[in-house]
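Asker: The primary structure of each chain is shown beneath.
2 protein chains.
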Amino acid sequence: MEIKDIHKNYKKLIGEVVEIAGWVKNNRNSTNVGFIDFNDGTGFKGVQLVYSSELKDYDKITHIHVGSALRVKGVVVESSGNQDFEIQVQSIVVEGDCPEDYPIQPKRHTREFLREQAYLRPRTNLFNAVFRVRSLASMAIHTFFQERGYVYVHTPLFTCADCEGSEQMFKVTTFDFDNLPKNEEGKVDFSKDLFGKQAFITGSGQLHGETFATAFSKIYTFGPTFRTENSNTKVHANEFWMIEPEIAFCDLDQLMDIEEEFLKFIIKYVLEHGKDEMEFLDSFVEKGLIEKLTKLLNSEFKRITHHDCITILKEANVEWQFKPEYGEDIAKEHEKYITEYFDGPVFITDWPRDIKSFYMKQSEDGKIVRAVDLEVPTVGELMGGSQREDDYEKLVKRIEELNLDRSNLEWYINLRKYGSCVHSGFGMGFERLVMYLTGIENIRDVIPYPRTPNNCEY
Amino acid sequence: MEIKDIHKNYKKLIGEVVEIAGWVKNNRNSTNVGFIDFNDGTGFKGVQLVYSSELKDYDKITHIHVGSALRVKGVVVESSGNQDFEIQVQSIVVEGDCPEDYPIQPKRHTREFLREQAYLRPRTNLFNAVFRVRSLASMAIHTFFQERGYVYVHTPLFTCADCEGSEQMFKVTTFDFDNLPKNEEGKVDFSKDLFGKQAFITGSGQLHGETFATAFSKIYTFGPTFRTENSNTKVHANEFWMIEPEIAFCDLDQLMDIEEEFLKFIIKYVLEHGKDEMEFLDSFVEKGLIEKLTKLLNSEFKRITHHDCITILKEANVEWQFKPEYGEDIAKEHEKYITEYFDGPVFITDWPRDIKSFYMKQSEDGKIVRAVDLEVPTVGELMGGSQREDDYEKLVKRIEELNLDRSNLEWYINLRKYGSCVHSGFGMGFERLVMYLTGIENIRDVIPYPRTPNNCEY
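Chains A and B supply the protein sequences, listed in that same order. First residue of the first sequence: 6, per our numbering; consecutive thereafter. First residue of the second sequence: 6, per our numbering; consecutive thereafter.
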């Protein structure tokens with residue numbers, strides 16, 4: 006039986022014999038009685054095993070080490086302490102023991118230490134909670150989209166079109182690096198590589214996503230993404246997961262409605278399905294976490310233009326590190342201020358064209374684009390989206406202005422020729438969402454095996 | 006309004022005005038009346054727009070090309086033909102027109118032609134059905150595992166441990182290939198690359214998955230996978246998606262129960278949620294598809310050992326291309342025969358150790374391993390799993406026998422030291438499942454943008 010199910014039905018199970026299997030979190034004892042904190046990981050809450058000195062192998066059981074795997078038979082009994090119930094042990098079989106130098110002991114370990122024990126850290130309360138919330142948030146995302154008829158599209162990760170700028174993309178090859186085939190000019194001959202040309206790993210599925218949105222109207226992607234950024238910060242990783250929905254016949258205003266509904270749905274889902282985990286995180290990671298999330302659920306997201314945002318920032322009585330300017334991007338400190346100013350999430354729309362991507366819908370005068378960033382208290386930018394340029398000529402002109410390689414983008418441009426329509430989409434970095442949901446401040450602690458500069462262990 | 010929702014509620018909507026947006030699939034007309042086949046892709050079934058010559062822009066509408074995007078206002082009326090209803094047009098706005106050379110015309114295109122139009126092919130009935138089934142099957146998988154308490158784990162794709170044999174893995178780098186840094190020995194100096202050493206893309210998340218199974222008991226992965234295999238067959242791709250569940254305190258027999266329940270769950274889910282798509286695929290791709298799947302739902306999967314399987318093959322009155330032998334792998338023709346012999350899915354267990362992977366649980370005498378392949382009629386092997394070796398000494402010995410680099414596997418080996426337990430898992434290639442569900446025979450037609458040797462377009 007799973008420990009999660011015993012918790013669910015413990016009242017009915019009082020007096021019943023159950024068989025469980027799991028791992029020892031702690032083992033304490035006195036002359037007559039011993040206690041094992043025990044969990045199988047099916048839920049956040051474990052159970053207390055109580056074993057009496059009347060058991061014939063009492064002495065052996067008292068010597069079971071933390072970390073050991075056990076099969077246990079016992080009776081569910083009412084607890085004398087502050088738990089709902091406990092298990093009165095009838096028999097214990099040690100399936101796998103554990104030496105005393107086991108790194109995960111029943112004490113508080115630093116997150117830095119646990120990062121170095123990445124393969125064992127999900128066995129701790131903290132990471133058990135974090136990674137279950139990560140799993141629940143994933144399911145919330147799939148549920149949101151599928152219930153609303155979105156089609157999940159697996160856009161490709163490998164690409165031979167370096168249209169987004171290859172300097173941000175990892176290169177992939179099957180070649181032996183110390184034995185690269187060369188062409189007549191002495192350059193590496195990628196025509197001999199598996200794909201017949203140089204291949205990269207893409208940093209976004211959006212362009213491919215748009216092609217499916219013009220077939221199904223509503224689609225989403227959810228998959229791993231890679232960036233070569235050499236940043237050793239708390240918020241950057243070279244491998245992370247991203248969600249990119251794309252919706253046909255949808256303008257920027259409708260997109261913001263979807264983004265707001267989407268974020269609220271996820272939060273509600275996680276609070277409902279991860280109650281124990283969220284309470285733990287609220288107590289031990291970010292005080293007030295649940296209140297913060299509940300407040301967001303009940304708020305209406307503010308919508309302002311980039312221009313008005315800059316005006317507010319300029320009028321603020323603050324010594325800025327970076328001076329806010331019309332026509333320019335905003336900094337972390339500005340994001341923070343603006344969410345505090347409105348005391349909640351803020352959509353900032355209509356950005357200066359020159360600091361945004363080529364595919365965004367331009368205004369008549371071409372000075373701004375219909376882009377939107379969602380700024381959220383404590384984390385800053387959580388989603389970035391836009392209405393896409395649906396005008397063939399304007400898109401081509403923009404691609405030429407930016408000197409992008411048009412030949413790799415013909416198929417994308419053609420979407421504006423073959424039944425073009427108003428359409429919009431956004432992207433959300435999954436790890437940033439998980440950090441927001443858990444209160445964890447370092448991205449390395451929300452990814453099972455993080456990949457960051459000089460760090461690709463395990 | 007979405008066309009899917011009109012289909013759901015058309016009886017209530019008769020006489021009502023609706024506004025819809027979508028694309029023209031066909032446009033025919035006579036002197037007094039015209040018909041547009043129209044769909045927004047929210048469901049498989051489109052609607053018929055009926056427009057009368059009494060509309061002031063009748064002539065303009067008759068000239069609307071296939072592929073154009075329209076916004077339409079009209080009344081839901083009972084159909085004079087064989088549809089449930091049709092839409093009597095009140096007004097049409099062309100949002101994006103489409104030239105006459107649009108590649109997707111209302112006629113039958115070959116799949117080879119459509120592969121070259123990969124960005125447009127989801128607009129055809131065939132690929133609309135296939136990619137919606139792909140999306141539904143994904144959701145079925147997440148639903149199955151999450152309802153049963155499995156934790157979804159995002160195992161890393163980048164790895165610096167080439168323990169699975171780097172010749173099957175793509176290499177990744179941030180280097181400029183024509184300007185590689187060299188060390189004193191004249192070899193490429195990966196200490197200067199982003200991760201400080203050579204990096205690969207892993208072909209499996211299983212080993213990492215096991216580390217999470219010993220924390221949560223039940224986990225699964227579902228993500229993209231890459232193999233360098235230079236095979237131009239109908240069933241190989243270099244980029245594909247894979248599902249890898251891993252379960253603690255679970256032996257091989259229990260694993261087979263899970264696999265059987267899992268497959269039946271997915272089939273049931275897809276038949277229920279993709280009724281229109283499955284009926285289309287049954288009519289136009291694989292006659293009898295639904296019957297085939299329904300039969301599997303009602304069958305009990307047979308379980309035999311590899312030894313007994315070989316005996317059956319040897320006793321068969323068949324001219325084999327490859328002679329079946331004890332101790333050896335089985336060929337495609339054998340897989341086919343054995344599922345026909347039992348007239349249904351067959352689990353083949355207890356394989357010769359020497360043809361299977363190092364991590365599988367060995368028999369006492371070390372000759373066989375507790376591996377299991379699930380063979381399914383028409384597709385052959387659909388899942389491959391095993392009970393994992395949980396004995397520290399045996400695992401280490403096997404790694405040494407096979408000359409694998411132990412230093413990269415210490416963390417994996419340590420799972421057998423720190424609370425080792427009986428545990429099992431399996432892997433399923435997602436594309437093979439989709440091929441089985443849709444009847445599509447070429448893997449290139451179930452992947453949005455397939456990557457195969459010399460093919461990395463779009």
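It should be emphasised that the hints constitute simulated quantities derived from the structure, not laboratory data. You may find that some hints are simply not true.
Any copy, or any two copies together, can satisfy a pair, since identical chains are not distinguished.
Claimed, not checked - Below, a list of computed lysine-lysine pairs in the DSS-like style, where the Cα atoms sit at most 25 Å apart:
| id | residue 1 | residue 2 |
| --- | --- | --- |
| 1 | 402 | 319 |
| 2 | 50 | 273 |
| 3 | 422 | 112 |
| 4 | 176 | 187 |
| 5 | 273 | 300 |
| 6 | 192 | 202 |
| 7 | 197 | 176 |
| 8 | 300 | 16 |
Asker: Report the numbers of all earlier hints that the structure fails to satisfy, in ascending order.
Answerer: Result: hints 1, 8 break, sorted rising.
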